[in-house]
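Student: Sequence:
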Amino acid sequence: MTEVSALAADGATVALGDATLLAPTTFTMAPGEFWCLTGSNGSGKTTLLRAFLGSRSLTSGTCSVMGEPVDVSSPRYRRQVASLVEPIPVARDMTLREQVGLVAASWYGSSPETAAAAEEVIERLGLSLLGERFPHQVSSGQSQLFSLALTLVRPADVVLLDEPERHLDGSRVELVATLLAERAKEGTAFLVATHEAVLVEACDGRVELA
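The sequence shown: position 187 = 174 (the numbering used here), numbered continuously.
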């Protein structure tokens, strides 16, 4: 029996007038793999992530998630895919811990087990001591880790990340790379647009965009 691909692009292309935003791109990722999208600025990394999210239409070719065409109207698709491509809205008057817990509860229901799972994500991303702070009380790097916590605390077969290393120092980039590799081994597929060598070294595969 053939395994369904987690993500697949077949000649995926995006053009705007005479400008090519994404040259024809083809690849297939299996479930539980961690891949990086690399290439120069303007090569189409974010454009491709948005195509998998359904927020950017293809000019030609196809993109699929878990063997099916991208369909943001489908509850199944929305449960399968988590992303940190666009900024995540946050509540100014709720603490970091409260917001991560709320996202977890919205997907899994409110229970001690859900609260413990949310706390584990907070701890793994080094946010435990900042849990009672509000979003406006943390640095840009800490805010990036908070956004990653909001993304990783929910269920997903596929996670799309655009430069998760943004605003992070070297030790925190290594922390994120380790966590993504571990989550991939547990079955989640990650496609990460990045310029960071540490993430590329930790991944299972790579798509280089020209």
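Simulated from the structure, these hints should not be mistaken for lab results. Backbone N, C-alpha and C define an ideal beta-carbon position, used for all residues, glycine too. Treat the hints with care, as some may be off.
Label-pair ranges, simulated between beta-carbon atoms [as the list claims (entries may be wrong)]:
#	residue 1	residue 2	range
1	Trp94	Asp58	34 to 40 angstroms
2	Pro18	Ser60	36 to 42 angstroms
3	Leu3	Gln124	20 to 26 angstroms
4	Pro62	His182	33 to 39 angstroms
5	Thr165	Glu55	26 to 32 angstroms
6	Glu188	Gly113	33 to 39 angstroms
7	Arg120	Thr165	23 to 29 angstroms
8	Pro56	Ala92	19 to 25 angstroms
9	Arg120	Pro62	18 to 24 angstroms
10	Arg120	Pro74	15 to 21 angstroms
11	Ser126	Gly48	27 to 33 angstroms
12	Thr165	Asp58	19 to 25 angstroms
Student: Return the numbers of the hints above that this structure violates; sort them in rising order.
Tutor: Of the numbered hints given earlier, those the structure breaks are 1, 2, 3, 6, 8, 9, 11, 12, listed in rising order.
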